[in-house]
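Novice: The primary structure of each chain is shown beneath.
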Amino acid sequence: MSLDRSDIEKIAHLARLAVDQDRLESYANDLSNILTLVGQLEAADTDNVPPMAHPLHMVQRLRPDSVSEQNHREEYQAVAPLVEGGLYLVPKVIE
Amino acid sequence: MHNKTIVELGAGLRAGEFSSMELTRDLLARIETLDPALNSFVTVTPEFALAAAEAADARIRSGEGGPLTGIPMVQKDIFCTKGVKTSCGSRMLDNFISPYDATVVERLNAAGMVMLGKANMDEFAMGSSNETSFYGPVHNPWDRERVPGGSSGGSAAAVAARLAVAATGTDTGGSIRQPAALCGITGLKPTYGRVSRFGMIAFASSLDQAGPMTRSAEDAALMLQVMAGFDPKDSTSVDEPVLDYAAALNESLAGLKIGLPQEYFGEGLDTAVAASVEGAIAEYKRLGAEVVEINLPNSALAVPTYYVVAPAECSSNLSRFDGVRFGYRCSEPRDLEDLYKRSRGEGFGDEVKRRIMIGTYALSAGYYDAYYLQAQKTRQLISDDFIQAFKKVDVIMGPTSPGIAFKLGEKVDDPVTMYLNDIYTIATNLAGLPGMSLPVAPVNGLPVGLQLIGNYFAEAKLLNVAHQFQKVTDWHRAVPAGF
Chain A
1 MSLDRSDIEK IAHLARLAVD QDRLESYAND LSNILTLVGQ LEAADTDNVP PMAHPLHMVQ
61 RLRPDSVSEQ NHREEYQAVA PLVEGGLYLV PKVIE
Chain S
1 MHNKTIVELG AGLRAGEFSS MELTRDLLAR IETLDPALNS FVTVTPEFAL AAAEAADARI
61 RSGEGGPLTG IPMVQKDIFC TKGVKTSCGS RMLDNFISPY DATVVERLNA AGMVMLGKAN
121 MDEFAMGSSN ETSFYGPVHN PWDRERVPGG SSGGSAAAVA ARLAVAATGT DTGGSIRQPA
181 ALCGITGLKP TYGRVSRFGM IAFASSLDQA GPMTRSAEDA ALMLQVMAGF DPKDSTSVDE
241 PVLDYAAALN ESLAGLKIGL PQEYFGEGLD TAVAASVEGA IAEYKRLGAE VVEINLPNSA
301 LAVPTYYVVA PAECSSNLSR FDGVRFGYRC SEPRDLEDLY KRSRGEGFGD EVKRRIMIGT
361 YALSAGYYDA YYLQAQKTRQ LISDDFIQAF KKVDVIMGPT SPGIAFKLGE KVDDPVTMYL
421 NDIYTIATNL AGLPGMSLPV APVNGLPVGL QLIGNYFAEA KLLNVAHQFQ KVTDWHRAVP
481 AGF
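For the record, the sequence lines run as chains A and S.
Under the numbering used here, think of the first position of the first sequence as 1, with each following residue one higher.
Under the numbering used here, think of the first position of the second sequence as 1, with each following residue one higher.
Since the hints were made in silico from the structure, they are not lab data.
Being a predicted model, the structure only gives us computed values, none of them experimental.
By construction, the Cβ of each residue, glycine as well, lies at the ideal position given by its N, Cα and C atoms.
Warning: the hint list may mix true and false statements.
[To be verified] Among the chain S residues that face chain A by a calculated CB cut under 7 angstroms, a handful are:
#1 144
#2 146
#3 368
#4 380
#5 416
#6 477
[To be verified] To be clear about the criterion: a stretch of chain S counts as covered by chain A if any three or more of its residues have a C-beta under 8 angstroms from a C-beta of chain A, and this derived list gives those stretches:
#7 256-265
#8 295-306
Chain A extracted, bound-state conformation (with noise of 0.2 angstroms):
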């Protein structure tokens, strides 16, 4: 599977990633590379197995649904690049 310059740029907008546009070039260079390693799992035969989920075929452990956490919300704002009030500001969404 090779990638080209347009593939990239699609999927660095999936990922939100800002790609600079001199290396778009380079990165579907290594990309390309990556994926023709990873397209060696086409040849295996894999008819009748079940993918894996997890290593020790564990299900999701639950716990009773009662408050077990306090409220951290000044301790994690104080580590955010803009809050005001309380609140984590962005740029305007809507119009």
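Starting from the structure of chain A, add chain S where the hints point.
Specialist: Chain S in isolation, oriented as in the chain A frame:
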């Protein structure tokens, strides 16, 4: 003093021969003098360390100390440490002061270990050479022109250079075992779920596991004893009793069945490394073990499987870094999308971006079945190989890494070549099994690691098998020149 192990130092501390304060000051001075040449620490925490040492000395005097009390160590910078920068080797978290401690940190602190600082690492643990760190590469103490391995490269270099008595590491595809091998120390990756992942910054959640990096198997047993155990804060933590790891160390190896996978001794393995590993296996035969050739027929699928599963999980895990709640934020974003894209584009390095993009692609509409679903099936095949093998043998052995430490810059521009460093370690993570690396005879003066792979929850057996070897060999005692 700095050449001693946890076991030896613990005895000295409890006998009052020296204090944790003296030991801690000695190592802080060594870090100041010697680490500029290695770059194994991202952050040194002298105030934190001296306060912890003082508290440890008081505990020891009152007779309440345990085997780890007063022992100076370094935490890989992937573990959240309250009030101390937790960078994960990334510009993204260069300004991140964690509001809480990881469970591993909490447990080791409670045991009285003294944290000297935070160890350098590949960015978000993605790398096998410690060259992807935002803080620059770590140099191998055995040869500063060479890499220490990765991603726990700072941890391995610091322990090998006697800047810390022990370290924590994490292992997603070999990140404890490969740097342990390349730096000549002992490293253990426990069974998936054995050690809590809470507060350990996630890379690939179905593979990530924390473990000890030490100078002996005995030391690893003492650390794992404290690190292991059920944690309700980690939904994948396993609720199984923790064995007494030190108690099993002295069991005889007579009759132990060692499986040697033919696939781990074929093309791609450096012949001198192979000879060194074979020498170690001959030693095991002298200890009474029996060697059986086995096959892990799907071994060749491990690296390709990993490079679907790990990036897929990473692309999802790293979506939390959005420039809104913590970490790096770009300046003057035009709108929300620009905020996301530039914060992530500027905050992440190249290798992290490559893996996020591979994962995003593998999970995108139309490709999911071909990549992710197929990889989860081949992962089952790889896992089944081990299940079959452990019906015949007690432990599997082989090389940890296909070669000795390579030169800085040698592989960094070629991701696929770099990925092949982990050909012998990745399958263990995919299957969720415990694995270990211990030093054997060096090649050209550079360390070589013997890998041990055990059955699920067989950490005690691995530690026993490693300790018996270290009782009759001195490779784990070798010190790099200048340290």
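Novice: Next step is simple, just say for each hint if it's right about the structure.
Specialist: Evaluation of the provided hints:
{"no.": "1", "hint": "144", "in the structure": "28 angstroms, violated"}
{"no.": "2", "hint": "146", "in the structure": "24 angstroms, violated"}
{"no.": "3", "hint": "368", "in the structure": "11 angstroms, violated"}
{"no.": "4", "hint": "380", "in the structure": "4 angstroms, holds"}
{"no.": "5", "hint": "416", "in the structure": "5 angstroms, holds"}
{"no.": "6", "hint": "477", "in the structure": "35 angstroms, violated"}
{"no.": "7", "hint": "256-265", "in the structure": "violated (count 0)"}
{"no.": "8", "hint": "295-306", "in the structure": "holds (count 6)"}
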